[in-house]
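Peer 1: Residue numbers (the numbering used here), protein chains in the order written: chain A, 1 to 244; chain B, 1 to 244; chain C, 1 to 244; chain D, 1 to 244.
No wet-lab data here; the hints were simulated from the structure. Check before you lean on any hint, since a few could be wrong.
You can't tell identical chains apart in this list, so a pair holds if it fits in one copy or across any two.
Stated by the list, open to error - Calculated cross-link-like contacts (lysine-lysine; reagent style BS3-like; alpha-carbon spacing at most 30 Å):
(1) Lys236 with Lys71
(2) Lys107 with Lys71
(3) Lys236 with Lys107
Number of protein chains: 4
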Amino acid sequence: MTVWGENLHEQRNEAVRAIYPEGMHGAIARGIAEHLGGDAVVETATLEEPEHGLSEARLAATDVLTWWGHKAHDQVSDAVVDRVAQRVLDGMGLIVLHSSHWSKIFKRLMGTRCSLRWREDDDREVVWTVAPSHRIARGVAPAFVLEQHEMYGEFFDIPVPDELVFISSYSGGEVFRSGCCFLRGKGRIFYFGPGHETVPVYHHPEVRRVLGNAVAWAYQPAPSPIETSIAPMSPKGWFEEQPP
Amino acid sequence: MTVWGENLHEQRNEAVRAIYPEGMHGAIARGIAEHLGGDAVVETATLEEPEHGLSEARLAATDVLTWWGHKAHDQVSDAVVDRVAQRVLDGMGLIVLHSSHWSKIFKRLMGTRCSLRWREDDDREVVWTVAPSHRIARGVAPAFVLEQHEMYGEFFDIPVPDELVFISSYSGGEVFRSGCCFLRGKGRIFYFGPGHETVPVYHHPEVRRVLGNAVAWAYQPAPSPIETSIAPMSPKGWFEEQPP
Amino acid sequence: MTVWGENLHEQRNEAVRAIYPEGMHGAIARGIAEHLGGDAVVETATLEEPEHGLSEARLAATDVLTWWGHKAHDQVSDAVVDRVAQRVLDGMGLIVLHSSHWSKIFKRLMGTRCSLRWREDDDREVVWTVAPSHRIARGVAPAFVLEQHEMYGEFFDIPVPDELVFISSYSGGEVFRSGCCFLRGKGRIFYFGPGHETVPVYHHPEVRRVLGNAVAWAYQPAPSPIETSIAPMSPKGWFEEQPP
Amino acid sequence: MTVWGENLHEQRNEAVRAIYPEGMHGAIARGIAEHLGGDAVVETATLEEPEHGLSEARLAATDVLTWWGHKAHDQVSDAVVDRVAQRVLDGMGLIVLHSSHWSKIFKRLMGTRCSLRWREDDDREVVWTVAPSHRIARGVAPAFVLEQHEMYGEFFDIPVPDELVFISSYSGGEVFRSGCCFLRGKGRIFYFGPGHETVPVYHHPEVRRVLGNAVAWAYQPAPSPIETSIAPMSPKGWFEEQPP
Numbered sequence: 001m002t003v004w005g006e007n008l009h010e011q012r013n014e015a016v017r018a019i020y021p022e023g024m025h026g027a028i029a030r031g032i033a034e035h036l037g038g039d040a041v042v043e044t045a046t047l048e049e050p051e052h053g054l055s056e057a058r059l060a061a062t063d064v065l066t067w068w069g070h071k072a073h074d075q076v077s078d079a080v081v082d083r084v085a086q087r088v089l090d091g092m093g094l095i096v097l098h099s100s101h102w103s104k105i106f107k108r109l110m111g112t113r114c115s116l117r118w119r120e121d122d123d124r125e126v127v128w129t130v131a132p133s134h135r136i137a138r139g140v141a142p143a144f145v146l147e148q149h150e151m152y153g154e155f156f157d158i159p160v161p162d163e164l165v166f167i168s169s170y171s172g173g174e175v176f177r178s179g180c181c182f183l184r185g186k187g188r189i190f191y192f193g194p195g196h197e198t199v200p201v202y203h204h205p206e207v208r209r210v211l212g213n214a215v216a217w218a219y220q221p222a223p224s225p226i227e228t229s230i231a232p233m234s235p236k237g238w239f240e241e242q243p244p
Numbered sequence: 001m002t003v004w005g006e007n008l009h010e011q012r013n014e015a016v017r018a019i020y021p022e023g024m025h026g027a028i029a030r031g032i033a034e035h036l037g038g039d040a041v042v043e044t045a046t047l048e049e050p051e052h053g054l055s056e057a058r059l060a061a062t063d064v065l066t067w068w069g070h071k072a073h074d075q076v077s078d079a080v081v082d083r084v085a086q087r088v089l090d091g092m093g094l095i096v097l098h099s100s101h102w103s104k105i106f107k108r109l110m111g112t113r114c115s116l117r118w119r120e121d122d123d124r125e126v127v128w129t130v131a132p133s134h135r136i137a138r139g140v141a142p143a144f145v146l147e148q149h150e151m152y153g154e155f156f157d158i159p160v161p162d163e164l165v166f167i168s169s170y171s172g173g174e175v176f177r178s179g180c181c182f183l184r185g186k187g188r189i190f191y192f193g194p195g196h197e198t199v200p201v202y203h204h205p206e207v208r209r210v211l212g213n214a215v216a217w218a219y220q221p222a223p224s225p226i227e228t229s230i231a232p233m234s235p236k237g238w239f240e241e242q243p244p
Numbered sequence: 001m002t003v004w005g006e007n008l009h010e011q012r013n014e015a016v017r018a019i020y021p022e023g024m025h026g027a028i029a030r031g032i033a034e035h036l037g038g039d040a041v042v043e044t045a046t047l048e049e050p051e052h053g054l055s056e057a058r059l060a061a062t063d064v065l066t067w068w069g070h071k072a073h074d075q076v077s078d079a080v081v082d083r084v085a086q087r088v089l090d091g092m093g094l095i096v097l098h099s100s101h102w103s104k105i106f107k108r109l110m111g112t113r114c115s116l117r118w119r120e121d122d123d124r125e126v127v128w129t130v131a132p133s134h135r136i137a138r139g140v141a142p143a144f145v146l147e148q149h150e151m152y153g154e155f156f157d158i159p160v161p162d163e164l165v166f167i168s169s170y171s172g173g174e175v176f177r178s179g180c181c182f183l184r185g186k187g188r189i190f191y192f193g194p195g196h197e198t199v200p201v202y203h204h205p206e207v208r209r210v211l212g213n214a215v216a217w218a219y220q221p222a223p224s225p226i227e228t229s230i231a232p233m234s235p236k237g238w239f240e241e242q243p244p
Numbered sequence: 001m002t003v004w005g006e007n008l009h010e011q012r013n014e015a016v017r018a019i020y021p022e023g024m025h026g027a028i029a030r031g032i033a034e035h036l037g038g039d040a041v042v043e044t045a046t047l048e049e050p051e052h053g054l055s056e057a058r059l060a061a062t063d064v065l066t067w068w069g070h071k072a073h074d075q076v077s078d079a080v081v082d083r084v085a086q087r088v089l090d091g092m093g094l095i096v097l098h099s100s101h102w103s104k105i106f107k108r109l110m111g112t113r114c115s116l117r118w119r120e121d122d123d124r125e126v127v128w129t130v131a132p133s134h135r136i137a138r139g140v141a142p143a144f145v146l147e148q149h150e151m152y153g154e155f156f157d158i159p160v161p162d163e164l165v166f167i168s169s170y171s172g173g174e175v176f177r178s179g180c181c182f183l184r185g186k187g188r189i190f191y192f193g194p195g196h197e198t199v200p201v202y203h204h205p206e207v208r209r210v211l212g213n214a215v216a217w218a219y220q221p222a223p224s225p226i227e228t229s230i231a232p233m234s235p236k237g238w239f240e241e242q243p244p
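This is chain A alone, in the form it adopts within the complex (with noise of 0.2 Å):
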């Protein structure tokens, strides 16, 4: 699997640096590593890599990938995000975190403007599991608190997420679907909301672990031979003669 990280806050922030001196996606991919087994591969790729490190080998090898991003959106290229969003389709997992809402991919995915209201005020963030059957809270509390975090709050412009599972509180008073599942093609997507650069979410073990869990439910070792690339002519009785 690959973690994707725009890299500029922790290059161009001192205070970010601090907290994140291997890069948020250093954390990030350490924090996934603890919690899947021991032989999996947790690669990082960043913004000013060529192709952003996701050229389309790298894609090809990669099934599940995680992505933050915030300031620089657009500088992300059409191509590679067309590429990104072809892989989803066909079966790799996307893991979209935080400010990444508003990355080309996720909104070229949902359809959508995913848009948000916010806030930096050091609002306490309490995440709620709303789903205990789910994959992604497994071995999550019900409930753990975020002492300081950047509030996002609804309305959350995505469509209906196809599995919610966590909902999140602030001391400001407003609510966020800050857990969301979407099924795409043969792809799955969770949007996770924790993950504001200035504070240590990304070193708080329940968020390691919602990662860890987001990644293994993401992951598909054989995605579906439905074939959605094109619109196949399907003469009567073809699937008479399909291998069993």
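Position chains B, C and D relative to chain A; hints supplied.
Peer 2: This is chains B, C and D only, laid out in the frame that chain A set:
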């Protein structure tokens, strides 16, 4: 339509009677009538009436039923619960209010425990619209405030709502799926959280608007003719002869 | 409301013109008008008009838009597609018909490939209601038959419908989710499978009833005032000052 | 896991016994075992055993239960039904097969009538995957054929499935939502249509694969610790003291 009220708090508790001199069912009925067209007939029924006011004839003439109960769920006869359930499955709308999450009728139709967390401690509740295009959200503010209300919090042990219209936050930090639609059989069900007896919540204009919208949404002028009370043996070609 | 038609088959193919002397859009408009109240205004627009008949002013005045296209999806200008998409997200209803599953506007709003299997071989299609309490199923038979229709079959590469109203079978053995609702932004979208140009499907009474119901369902007299075109910074307590 | 079988047809009907000399439950158990890892324990239980083979101890040790019944739904004791329901709500998986759509346990958990149309007339059934990324569809063909099977058709009076995995067509023209997931309490439920007793459907390789996948999907190594059997009074700040 019929507004059903347990009508016990109002008789036994002066503070409740002071808020609801016509009974809670009286206030609910007025709130709904405000929002329905002038020719709507809004009647009431209560626990103490014969058959709880829900005879076969009464139910047959009811297109939407609202339900508020709390102290006396167990006193509702199983025969009446069964009768109401059959009417819902046959197309009658049902609006389930507040503490009625633990009513026999709601648990029967949901199949789950319908438990939740609660606290009476003067929390401020903020009700958020998360389905702006839903009929029940029509004209409702993006967020409205109940200055004092009982806390009802997750995990709320209901099936995943078919449509989630409102989510509430509480000043204590909890969240609650407070506006939930369920389609069952040929009928439509709406659960709405607000309604604690010791605060004048059914006098609140936004709450009344939601009640009116919910009745409008749950109402069907002519429920589907599909027969569900039997499992019909259907010879080949039976549907060719259906009237158009 | 506005009925949009590509209007190419009707001009170029005599067989189609014989079935639809007023154009397919003409038949669709009449079918809808039959089922709406007498004061409904049903207008039409076609590809060849300036801006395809969908100027800013026209769209601003349109509360529900139906769309039928097939041969010339690529000739629809991206500017118009973008304009229609924004109107849907702002609350306009959209009814997407038959081969328009591959229209730019549908693919944009879905975010998936929208591909499917197909065959022109005189299959009999049977359309089944699977959501009897849905507004779009009101008065529609449990099953209705299109004696000859193009086969459209699964896998249909759409997001999971927010409400699945109809499923079709074909004499060749395929199935198709032929009546699908999607909520996007503040708008409502309905995809309906029937509509191949060489058979008189838009003269079929049940099809016309579905079209009328779909327009009634997608119509909102006053879309939500929630603002989604920006992501507003929201200071603490902002919602306390909202007008009721 | 435990495979429960009514085990009456097999004893009374030679034709059924010829197809299933080990009982239908025996074939189901073998089919599942083929697809689970080698250390999975697949046991069986039948109606005639004391407590139908589903004692408290047995159920406590069961992580997933499959259920096949037909002639004797009424002979299943209410106490056992209640016990199974509680276990599902506490996290046990439940796979409900074919004619068990009318079992007490399924109706209890669904809250609807669970009726459907049916016909025994040698229809060909084709089972279509409509959720290619779902765990239960893993490795399953886009469509597979049961040459002869009882027709089960819409309208199937169930709640809207939380996930719809398969839709079947029949040569008579009917359709059926034949693979349906429901999340209830902390448990996962899957209904699967195939399984008429007079045809060797549980020897079919794709059917066996679906059964194996369904058990893998419904299994939870450690159901959520969220308590749902009570409605806990929760003082302010209670969640601050939760262990991480």
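Peer 1: Any of the earlier hints contradicted here, and which numbers?
Peer 2: Hints that this structure does not satisfy do not exist here, as all of them hold.
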